[in-house]
Every structure is written in structure tokens, then in C-alpha cells.
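J.: Heads up, the sequence shown stops at 336 in this note's numbering, and the numbers go up one at a time, no gaps.
What the hints contain is simulated information worked out from the structure, not anything from laboratory work. Keep in mind that the hints are not guaranteed to be accurate.
Now the in silico label distances, taken between C-beta atoms and shown as ranges [as the list claims (entries may be wrong)]:
(1) S52 x D122: 24 to 32 Å
(2) A273 x A35: 16 to 24 Å
(3) H238 x G27: 34 to 42 Å
(4) G155 x K195: 18 to 26 Å
Note that CB positions come from ideal geometry on N, CA and C, so glycine has one too.
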Amino acid sequence: MPNDTLIPAIGLVLIGRNEGERLVRCLASVPDEVSAVVYVDSNSSDDSVQQARNVGAHVVELDLSRPFTAARARNAGYAALKAMGVPLDFVQFVDGDCAIVDGWVAAASEALVADPGLGIVTGWRAEIHPDTSVYNALCDFEWHRPAGSILTCGGDMMVRVPAFDGVGGFDDTVIAAEDDEFCVRIRKAGWKIERLPLDMTRHDAAMMRFSQWWKRAVRTGHGFAQVGDLHADYFTRERKRAWFYGAVLPAVAAIGLFVSVWIVLAVLGIYVLSYLRTTQGLMQEGLPRPSAMRQAVLLSLSKLPNVVGMLTYLWRRKRAAPMKIIEYK
Numbered sequence: 008m009p010n011d012t013l014i015p016a017i018g019l020v021l022i023g024r025n026e027g028e029r030l031v032r033c034l035a036s037v038p039d040e041v042s043a044v045v046y047v048d049s050n051s052s053d054d055s056v057q058q059a060r061n062v063g064a065h066v067v068e069l070d071l072s073r074p075f076t077a078a079r080a081r082n083a084g085y086a087a088l089k090a091m092g093v094p095l096d097f098v099q100f101v102d103g104d105c106a107i108v109d110g111w112v113a114a115a116s117e118a119l120v121a122d123p124g125l126g127i128v129t130g131w132r133a134e135i136h137p138d139t140s141v142y143n144a145l146c147d148f149e150w151h152r153p154a155g156s157i158l159t160c161g162g163d164m165m166v167r168v169p170a171f172d173g174v175g176g177f178d179d180t181v182i183a184a185e186d187d188e189f190c191v192r193i194r195k196a197g198w199k200i201e202r203l204p205l206d207m208t209r210h211d212a213a214m215m216r217f218s219q220w221w222k223r224a225v226r227t228g229h230g231f232a233q234v235g236d237l238h239a240d241y242f243t244r245e246r247k248r249a250w251f252y253g254a255v256l257p258a259v260a261a262i263g264l265f266v267s268v269w270i271v272l273a274v275l276g277i278y279v280l281s282y283l284r285t286t287q288g289l290m291q292e293g294l295p296r297p298s299a300m301r302q303a304v305l306l307s308l309s310k311l312p313n314v315v316g317m318l319t320y321l322w323r324r325k326r327a328a329p330m331k332i333i334e335y336k
């Protein structure tokens, strides 16, 4: 490790765009273990830049001439940390709509010190207001995945510097699931990824409308297609399910309207069975029946916007068009 002392040197990269009070909360949650903080702003129209400067963070404002992506912002923040000349063993990445839980940074760095083969550690993210909407509740459930050795994780993560340097950081062009894509390359480079059984961040999805959820699901589908294009063995199941439930079955049902009502009824039956299986699976994972039934509706419907996102990526690739971000808030 580049730092010869017993205490690792930890930098923090925080990215955001018009996060407002969420950014203030995030900045206030940065612990003393962090020796340097970089805030990367993607053309905010609020006072985000000033708020970051008020607490002494180094600010990077991204050039408007290139498309914004979370991947690009994280790379820019990491580059700024390195340019500052501070010793770095690990870097904690966090999104501006999150707050870091007390004790997380210390625990994550201890885990990395204890196991030199670990390239990334992450923990549990939770929603601040899970009961405000069914969409927030769905996000909260998504965050709670089993601890232990994992394949990929979200953007809140602590990364070992040699692991980051070894794979060249994030792929700037990936607009969604860029964290998955980064983790795939980390593992291919021989590093391990682990989720610690600890609370890591508190997230504020602020998702109150169906239209927000739809855009988020479109973005997810774009990620399925783009990352799957880069790594053919990843998101395979997700892509197949999206095409089947979001494209093939609707097409069959449309044909059935002109051929036979029984075809339409058969398609509806497949959707009902899928919904019931999804509900049962959510209940087995600990959700109460009412919550499971509500969330199963969204999970079943999500294949439609997923396909929209996948087609959006394919159309952009065909036209060599810029991969612009898809924002839901």
C-alpha cells in the first residue's frame, strides 16, 4: 500500500447535481477519517457549488462540452484527489443524495486493511423516507441485499486505489449501471468485492410520481443493454426477461386481437402467473403481503420501460449518438 502508516489515507469523492438540502446533509455526514473531500458538480443551477466550498471541499465543475454521467463525475473527482497530492490508500465514493452513516468509513477501511485481496467494500443503503411513496419503498427494498462476497454493487463504495488505477476507473460513456460495469472489470482483474453487514448510507430517492419511476426504469433498461453490450455475460437474465415480458408478449397479445381472443387471454394468464410468483418471492424475502403485492405490480410493469431504455441504447448506438443521461428527478 502506498501509505506506510498504520492509519490508511482515505479520500472522498462526492458527486451531485441540484441536490439542495440533500447535498448539505451529505457534506455534514463526512467523518473525520477522511483526509480530503472532492465535490464534483454536473452544472447545478442551485447553490450546490457554494455549499461545498463553504465546508472546505475541493470543487470540480464539469465541462459542459461533454455529456454528463455519474461515471465521468467519479473519474473527475478521483483525478482531482490524485492531483491534490494527498496520500491515498482508499477512496470512498458517495452520491449527493445520500448521507454517510456514522462508523461506516472506519469499518470499511478496516476491512480493506485486513484483506489485501479486497478491491471494493460496500454496505447497506437505506431510504430516509421509505413510507412516503410506494416508489421509495421499492428503492428501500432494492438496497437490502445479502452481505458477503458479491459480484457488483452500487455507486456508494470504498475502493482500493491500486484496484481503481488498475482498471482505469469508471467508463465515462456508461450512463446507467456504470457501477456494475466498473465492478465487472474489478473482478476480472482479480480483485474481490464484499458487502459488509453494516449500514453505509441513507438515501433520499424523493420519488413521488409514476413518471419518475418510469424514467428510472427506462434508465435501468438502458444500463442492461449498454453494460450487456460491453460484457456479454452480464445482465443476461435481466435482458431476456425484459424482452420477453416487455416486448414479445405484448406483440403476441396485439396479434391475438386480430386472430383469437384465446391468445390474448393466454398472454394475460402468463402475466398473472408472473405477478403471483413475484409477490410470493417478495414475501419470502420478508415483505408483508400488502407491500409485496404493491411492489410486485411495479416490478411486473418495469419490463415495459426497461425495453424502452434498451431500444433507446440500441438506437443511439446505431446512430453513433451521444449517450446522454436519463434523469428521473
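J.: Decide, hint by hint, whether the structure agrees.
T.: Evaluation of the provided hints:
Checked against the given bound of 24 to 32 Å, the beta carbons of S52 and D122, roughly 43 Å apart, lie outside it. A hinted range of 16 to 24 Å is violated for the C-beta pair A273 and A35, which are about 56 Å apart. For the hinted restraint 34 to 42 Å between H238 and G27, the CB-CB distance of approximately 35 Å keeps it satisfied. The supplied range of 18 to 26 Å is met by G155 and K195, whose beta-carbon atoms lie about 20 Å from each other.
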